[in-house]
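Put together the whole structure using the sequences plus the hints.
Chains as they are written, first to last, in this note's numbering: chain V, 16 to 186; chain Y, 16 to 186; chain H, 16 to 186.
Keep in mind the hints are simulated off the structure, nothing from the lab. Be careful, since some hints might not be right.
The list makes no distinction among identical chains, and a pair is therefore deemed to hold if it is satisfied within one copy or across any two copies.
Straight-line distance between alpha carbons at most 20 Å, and here's what the computed EDC-like set of lysine to aspartate or glutamate pairs gives [what the hints assert, rightly or not]:
hint: 1; residue 1: Lys63; residue 2: Asp114
hint: 2; residue 1: Lys129; residue 2: Glu66
hint: 3; residue 1: Lys155; residue 2: Glu56
hint: 4; residue 1: Lys129; residue 2: Asp112
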Amino acid sequence: MKNLIYLTGGARSGKSSFALQCADTYDRKAFLATAEAFDEEMQRRILKHKEERGDGYYTIEEPLHIDRAISAMPGDIDVVIVDCLTVWAGNLMHAFDSDEVIMSYLERFMTVLKEPPCNVILVSNEVGMGIVPDNAMARKFRDITGIINQKTAAAATQAWLLCSGIPMRLK
Amino acid sequence: MKNLIYLTGGARSGKSSFALQCADTYDRKAFLATAEAFDEEMQRRILKHKEERGDGYYTIEEPLHIDRAISAMPGDIDVVIVDCLTVWAGNLMHAFDSDEVIMSYLERFMTVLKEPPCNVILVSNEVGMGIVPDNAMARKFRDITGIINQKTAAAATQAWLLCSGIPMRLK
Amino acid sequence: MKNLIYLTGGARSGKSSFALQCADTYDRKAFLATAEAFDEEMQRRILKHKEERGDGYYTIEEPLHIDRAISAMPGDIDVVIVDCLTVWAGNLMHAFDSDEVIMSYLERFMTVLKEPPCNVILVSNEVGMGIVPDNAMARKFRDITGIINQKTAAAATQAWLLCSGIPMRLK
Chain V
16 MKNLIYLTGG ARSGKSSFAL QCADTYDRKA FLATAEAFDE EMQRRILKHK
66 EERGDGYYTI EEPLHIDRAI SAMPGDIDVV IVDCLTVWAG NLMHAFDSDE
116 VIMSYLERFM TVLKEPPCNV ILVSNEVGMG IVPDNAMARK FRDITGIINQ
166 KTAAAATQAW LLCSGIPMRL K
Chain Y
16 MKNLIYLTGG ARSGKSSFAL QCADTYDRKA FLATAEAFDE EMQRRILKHK
66 EERGDGYYTI EEPLHIDRAI SAMPGDIDVV IVDCLTVWAG NLMHAFDSDE
116 VIMSYLERFM TVLKEPPCNV ILVSNEVGMG IVPDNAMARK FRDITGIINQ
166 KTAAAATQAW LLCSGIPMRL K
Chain H
16 MKNLIYLTGG ARSGKSSFAL QCADTYDRKA FLATAEAFDE EMQRRILKHK
66 EERGDGYYTI EEPLHIDRAI SAMPGDIDVV IVDCLTVWAG NLMHAFDSDE
116 VIMSYLERFM TVLKEPPCNV ILVSNEVGMG IVPDNAMARK FRDITGIINQ
166 KTAAAATQAW LLCSGIPMRL K
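Okay, here's the thing in C-alpha cells:
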C-alpha cells in the first residue's frame with residue numbers, strides 16, 4: 016500500500032520544507048505544482064520554492080486536473096508532492112461557478128488517492144482560523160478548502176500540522 | 016459530575032460533526048443553536064447543519080440567554096450541544112455596546128457551567144490566527160471570543176482542537 | 016546552558032499569561048516590550064498587560080534593537096520575556112523598506128539567542144491561518160513573521176502553541 020501523507024499549516028509555517036524532507040526518504044521524486052505565475056509576486060514565490068527544491072525533481076504544472084496528473088505519473092516515480100491543495104481550490108473557483116463541478120473534481124481526485132500509482136504527499140493550508148471574511152467569495156473559499164482538507168486528511172495514512180516550522184502529528 | 020466538552024477549530028474544520036459524534040454516546044440529546052437566520056446564506060448553513068444532525072435532537076434557538084436555556088433544559092435530556100460560542104459572542108456585541116454587560120452574560124454562563132443539569136458540549140471557533148483586522152470591531156470580537164474560549168476551555172473536563180477534520184486533544 | 020522558551024498562538028489565546036507563568040519559576044525577571052503606545056487602544060492594551068504582570072519585573076521598552084536590549088540585560092536578571100516578536104516584525108517593516116535590513120536585524124537577534132546572558136521566553140503570534148490578505152504589505156508581514164517564527168522556534172529549547180488558553184507542547 017502506498018503512503019498518503021497530508022500536511023497542513025498556516026502561511027510560512029514550514030509546510031513545503033517538511034514536504035521536501037518527507038520526500039527525501041524516497042528515491043525518484045516528482046513535484047506537482049498547482050500554482051500558475053499570474054504576476055511578478057507569484058513568479059518570485061514559485062522560483063524561490065523551485066530553488067529550495069533543487070534538482071532531482073520531475074516537475075509537473077497542473078492547475079486543475081491534478082487527478083489526471085497523478086494517474087499519468089511516469090511508472091518509475093516513487094513519490095509526488097502536490098503543492099498545494101489550497102491553490103488548487105482557488106483555481107477551481109476561478110474556473111467554475113458551479114459547486115457541483117468543483118465537487119466533481121474533488122471526487123475524481125479522491126478516487127485517484129484511493130489507489131495512487133506512487134506515494135503521495137499533499138500540502139494544504141489552514142485558512143479558517145481568522146476572522147470571518149467580509150466577502151462571500153472568501154467565505155466560499157474557506158468552505159471549499161475546508162471540505163478538501165477534511166476529505167484528504169481522512170484518506171491520509173499520516174497527517175501533520177506545521178506550526179512555526181515544527182511538525183505536529185495529527186494522525 | 017457532568018462532562019463539559021470544549022471543541023474549537025477553524026471554519027469547516029469538522030467541529031460540528033465531531034460534536035455530533037461526541038453526543039452520540041448519550042441517549043437523549045438537545046441542540047442549542049445560537050445562530051439566527053438573518054439572510055439566505057445563513058438559512059442555508061443552518062438548514063445544512065440541521066440535516067446533518069438528523070432526527071433525535073430536541074432543538075432550542077437562543078441567541079443571547081444561553082445560560083437560561085441550559086438551566087431550563089428538560090430533566091430527561093442527557094446532553095446538550097451549544098453551537099456555537101463564537102456566534103453567541105457576535106450576538107452579544109450586536110445587542111450591547113457595553114463590555115460590562117457582555118461580560119456579565121459570560122459570568123452567568125460560567126456559573127451555569129459549574130453545575131449544569133446535563134452534560135454539555137461547547138462548540139467554539141479559532142478566530143485569532145490570521146492577520147490583525149483593520150477595524151476595531153473585529154479586533155474587539157477577537158478579544159471577546161478569546162476571553163470566552165479561555166474561560167470555557169479552563170472549565171471544561173475535556174478540550175479538543177479540530178484541524179482538517181481530525182480532533183487533537185488539548186486536555 | 017540557558018533555556019529558550021518559544022510561545023506562539025492566536026490573539027487572546029493566553030500566550031502572555033503562560034509566559035508569566037513560565038517566568039515565575041525564575042527569581043529576578045525582566046520584561047522586554049516591543050510595542051509602542053501610538054494610540055489610545057494600544058495604551059489600554061499595554062497598561063492592561065502591565066497590570067497583569069504586577070510588580071517584580073524590570074521593564075525595558077525597545078521596538079527595534081531587541082538584540083542589544085538582551086545583550087545589555089543587567090547581570091542579575093535570571094529571565095527575560097520578549098513580548099512580542101510579531102509587533103517587532105511590524106516595527107521593522109514600519110522602519111525599513113529593505114528586506115535585507117530587516118533580515119539583518121533577525122540575524123543579529125539569532126546570534127544573541129545562541130548565547131543569551133539569561134533565560135529567554137519569546138512570545139510570538141500565529142498570523143498565517145486566515146484567508147490570504149488582499150494587500151501586499153499584509154502578505155509580506157505574514158512572510159516575515161513566519162520566517163521569524165520558524166528561526167526562533169528552531170533555536171528554542173522548548174516550544175508551545177497556546178490554544179484557548181491551553182498550552183500544547185510543540186517540542
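Cross-check of the supplied hints:
1. Lys63 with Asp114: Between copies, since 15 Å is at most 20 Å while 33 Å is not.
2. Lys129 with Glu66: neither (31 Å within a copy, 28 Å between copies)
3. Lys155 with Glu56: between (24 Å within a copy, 10 Å between copies)
4. Lys129 with Asp112: The answer is neither: 27 Å in one copy and 48 Å across copies each exceed 20 Å.
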